[in-house]
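Number of protein chains: 2
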Amino acid sequence: MPKTQPAASKAAKPNSTRARILAAARSLFNRDGERNVTTNHIAASLNISPGNLYYYFRNKSDILLELYSVHRDRMLAMLSLPPQTPFSIALKAELMAKLAQAMWEDRYIYRDLEHILSASDAIATLHQQTFHAVFAKTLELHTALEQAGLIVATPREQRDLTYNAWIILTNWIGFLRTTAQVDVGDEASQALINRGVYQVLALEKAFMTAEARAQVDAWADRYYTALDELHEPDHAH
Amino acid sequence: MPKTQPAASKAAKPNSTRARILAAARSLFNRDGERNVTTNHIAASLNISPGNLYYYFRNKSDILLELYSVHRDRMLAMLSLPPQTPFSIALKAELMAKLAQAMWEDRYIYRDLEHILSASDAIATLHQQTFHAVFAKTLELHTALEQAGLIVATPREQRDLTYNAWIILTNWIGFLRTTAQVDVGDEASQALINRGVYQVLALEKAFMTAEARAQVDAWADRYYTALDELHEPDHAH
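As you go down the protein sequences, you meet chains A and B in turn.
Just so you know, the first sequence maps onto residues 1 to 237 in our numbering.
Just so you know, the second sequence maps onto residues 1001 to 1237 in our numbering.
Hints were generated in silico from the structure; no laboratory data involved.
Treat the hints with caution; some may be incorrect.
[Unchecked claim] Once the Cα atoms are required to be at most 25 angstroms apart in a straight line, the calculated PhoX-like pairs of lysine-lysine come out as:
#, chain 1, residue 1, chain 2, residue 2
1, A, Lys60, A, Lys137
2, B, Lys1205, B, Lys1137
3, B, Lys1098, B, Lys1137
4, A, Lys205, B, Lys1137
5, A, Lys98, A, Lys137
6, A, Lys137, B, Lys1205
7, B, Lys1137, B, Lys1060
8, A, Lys60, A, Lys205
9, A, Lys205, B, Lys1205
[Stated by the list, open to error] Chain B residues, not near chain A, derived (Cβ > 12 angstroms throughout):
#, residue
10, Arg1020
11, Leu1076
12, Leu1081
13, Gln1101
14, Glu1105
15, Glu1114
16, His1132
17, Thr1143
18, Asp1160
19, Ala1191
20, Ala1218
21, Ala1226
[To be verified] Covered stretches of chain A, going by a simulated chain B footprint (3 or more residues, C-beta under 8 angstroms):
#, segment
22, 57 to 68
23, 89 to 98
24, 213 to 221
Just so you know, even glycine gets a beta-carbon here, dropped at the ideal spot from N, CA and C.
The task is simple: from the sequences and hints, build the whole structure.
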């Protein structure tokens, strides 16, 4: 069995030790940052021995790889169009809600992406494959929006838009950190994660027809939070 | 004198040793990646002793800080509107050309941004100030485009657009690396840097009036290069 795949015989069942290790790791990564959490921290938070943890996972990279895979599968599932359903703004709203929630629940992946990819060749390779799969599915969504008469965009513009959406979403948390030293460890930062989802909507809205825009405007503000205070020069100097 | 400022008495004159050190460092950073270049490499490439280099710069961070400052000043100068000049698509074309050239000539900054910021508090602080200054100037440009009747965007949309433009441009090279293992060390990669500038144009074009778009379409393709081959699944698997 390739070492990058989780062992089927140790597959996670709810409340199994394996599942509890994954849940604790994710929670600590989100709160403290992936770089600052060791397997010892994870074991200690569960009151288990490091040896017990190592029975399930060889090292931190193995835990990260499995958590990344689960996040990837979740993103791909939400981006999959229901067969033969014409696209609608209601479907778009549902997708944005799921996207914001998924980013929030695995925000450490976006916060520490560069570090995670540089520390694990297996995750770096999987991330490239994830890009291909997410790109293809997001492009399908933009094409479906165009076919439903909700956006006006040529095939090339649909591709340009799809690249930009990926870049904005995957780098949103890095943007908050590098421009305003924002850490997204605490619960209060969920609004800032949502603003990243809003930025993608702002990108797509520019291509929307007046009718589609009016429908989007009715709910887009739930993802909007002002950043002005965050970026006030007084805070940074 | 604060240690983050270059000493005036050692200011760079063309062909001075100080200026040659800066030029050599920039060239090596661009070719080999900032992480892989030491002060010894820089001294060796100039056939000077490390001691001679240390007379001008305390360490690699000091060199990076000065190069970063020069790049920052260059970006801010190009983003400054000529006083009382109404905005035009010709001005926009000129700006895009300067932007693409500046990104190309200091591409190592964008390639290794996370590493550079994490290694130097002085540069991290300066980067935050750079964001504020670039944001203000880019927002002025988007407002001028709107006032000239070239784009249609509300004040909030102008801000959303400005955030997205910064994120796409500063993360473009990271996007190439994380999704396709592209290194931009060699001269052949200039087209890929230009594509990042095109992506910002694609973002702005969605807000343009039909007349402005038609003018932009006449020259935008000089920044376009197809990415399909780069992202062919066969390359990544």
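So which of the earlier hints does this model not fit?
Violated hints: 1, 7, 8, 15, 16, 18, 21, 22, 23, 24; rest satisfied.
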